[in-house]
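There are 2 protein chains.
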Amino acid sequence: MAREFEPDIPDIVIRRLPLYVRTLRALADSDVANVSSDDLADEIGVTAAQIRRDLSYFGKFGKQGKGYDTRSLEQAITQILQLDREWPVALAGFGSLGHAIAHYRGFGPSSFRIAAIFDRNPDKVGEPLGEIAILSDQCMTSEIRRLGIEIGIIAVPAAEAQEVANAMIDGGVQSILNYAPIVLKTPPNVRVREIDPIWALQTMTYYLGVGS
Amino acid sequence: MAREFEPDIPDIVIRRLPLYVRTLRALADSDVANVSSDDLADEIGVTAAQIRRDLSYFGKFGKQGKGYDTRSLEQAITQILQLDREWPVALAGFGSLGHAIAHYRGFGPSSFRIAAIFDRNPDKVGEPLGEIAILSDQCMTSEIRRLGIEIGIIAVPAAEAQEVANAMIDGGVQSILNYAPIVLKTPPNVRVREIDPIWALQTMTYYLGVGS
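Top to bottom, those sequences are chains A and B.
Residues in the first sequence are numbered from 1 upward in steps of one, following our numbering.
Residues in the second sequence are numbered from 1 upward in steps of one, following our numbering.
Calculated directly from the structure, the hints in this document are not laboratory data.
Model, not experiment: these values are computed from the prediction.
Idealized CB from N, CA, C, for every residue including glycine.
There may be inaccurate statements among the hints.
Unchecked claim - Between beta-carbon pairs, the in silico distance windows are:
1. Q50(B) / S30(A): 31 to 37 Å
2. Q50(A) / H103(B): 36 to 42 Å
3. S36(B) / S72(A): 42 to 48 Å
4. S142(B) / R146(A): 53 to 59 Å
5. E131(A) / S36(B): 31 to 37 Å
6. D11(A) / K185(B): 49 to 55 Å
7. R71(B) / Q79(A): 44 to 50 Å
8. Q79(B) / C139(A): 45 to 51 Å
9. D31(A) / A33(B): 55 to 61 Å
10. G130(A) / D38(B): 30 to 36 Å
11. Q50(B) / Q79(A): 48 to 54 Å
12. Q138(B) / D11(A): 28 to 34 Å
13. R52(B) / D123(A): 51 to 57 Å
14. D11(A) / R85(B): 28 to 34 Å
Let the sequences and hints guide you as you build the complete structure.
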């Protein structure tokens, strides 16, 4: 299904949209049926002009002087982000981090489901986790291809991460969530996000000790 | 040391600055001594106008027509973010996630050092990790206060996270990195960032299947 949005939507806009969805969902769940762009901007922490500019990439939303219908805007953005379906995800690495990710409770209500787990340690291979079993990293490419998985999570040590990324991409993965502290080299059609605690910490130190 | 910036710098600006530091450091390390705002914008993935606006909150940087000196701009932003010192960090939860965080190699070259680890499981208490030992969560508040720790990482199950946050805040923590999939309630002087793999995944699904 080809979608017909402008091809050059800045990635920063796409990155903001999940926050829109989350905020709109919280408003709708609190029975706020309608929200002005000013109020929505306040909730999200951007300017109203930014919201209008972001949404303008995808069509016309809201009515002049009437604001947005929270539920329908949430559903529209959910569709834009293709979050109105379930995505199978491959997890590579079943050490302590992989364990934590596989058991992360946030997956339950999300659009994502861990559908395959790989580890290179033979002792872990075969270990069952719910309905799936840990597989050898030797079968990563073929299993990802067989299951039609397009999303991978890398939770292996830094030294193995590039090799794992290559194997995932060979199998058809186009989106990678990388927990390993290295910058992966990937072809232009593959998108990588990094889970980086250092980065997150660096966004908070600014505020420390202010006023002291 | 009181700093004298505008008090109302948008948080989104602060959140972007670590990316500036990282990008400038990479440029400087590649012997790029000078960079135009257009080129820097390209590297960072924002507009040149955005960069000029972001930096204008903190003073005058760069010279008209000459661009920025990469190393000195990197150092200036590092100072603004208070990353030119070491910050001790308290980690709560030494399950599989806590293990992974404690062993995260990214801490090595960073401004952050895990200085105390807490767990409520008596079997884990006393277990050594490098130069520190796992402590009972009973001593969290007092130990955080004793060590002057202002930054906490929460890696406990969702059901325990709020209680842990309260104990950290009682000890003096003002910045929390939260891995538990719940929204913490905190006083206005405490800042929380969430490490949320679902969020990161949600920013990539937009791109999947485009062109297919």
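Checklist entry - Does the hinted range 31 to 37 Å hold for E131(A) and S36(B) at CB? => result violated (54 Å)
Next on the checklist: Verify the CB-CB distance for D11(A) and K185(B) against the hinted window 49 to 55 Å.
Outcome noted: Violated: the Cβ-Cβ distance is about 32 Å, outside 49 to 55 Å.
Checklist entry - Okay, Q50(B) versus S30(A) on CB: inside 31 to 37 Å? => result Cβ of Q50(B) to Cβ of S30(A): about 33 Å, so the range 31 to 37 Å holds.
Checklist entry - For the pair D31(A) and A33(B), does the Cβ-Cβ distance stay inside 55 to 61 Å? => result holds (57 Å)
Checklist entry - If you check the beta carbons of Q50(B) and Q79(A), does the distance land in 48 to 54 Å? => result Violated - the Cβ-Cβ distance for Q50(B) and Q79(A), about 28 Å, lies outside 48 to 54 Å.
Next on the checklist: Taking 28 to 34 Å as the stated bounds, is the beta-carbon spacing between D11(A) and R85(B) within them?
Outcome noted: holds (32 Å)
Next on the checklist: Can you tell me whether the CB distance of R52(B) to D123(A) sits inside 51 to 57 Å?
Outcome noted: holds (55 Å)
Checklist entry - That 45 to 51 Å hint for Q79(B) and C139(A) (C-beta), does it hold up? => result holds (50 Å)
Checklist entry - Cβ-Cβ distance between Q50(A) and H103(B): within 36 to 42 Å? => result holds (39 Å)
Checklist entry - Between R71(B) and Q79(A), does the C-beta distance stay in 44 to 50 Å? => result holds (46 Å)
Checklist entry - Per the hint of 42 to 48 Å, is the separation of the Cβ atoms of S36(B) and S72(A) within bounds? => result Once the Cβ atoms are compared, 43 Å apart, the range 42 to 48 Å for S72(A) and S36(B) holds.
Checklist entry - Taking the beta carbons of G130(A) and D38(B), is their distance inside 30 to 36 Å? => result violated (50 Å)
The earlier numbered hints that this structure contradicts are 5, 6, 10, 11 and 12.
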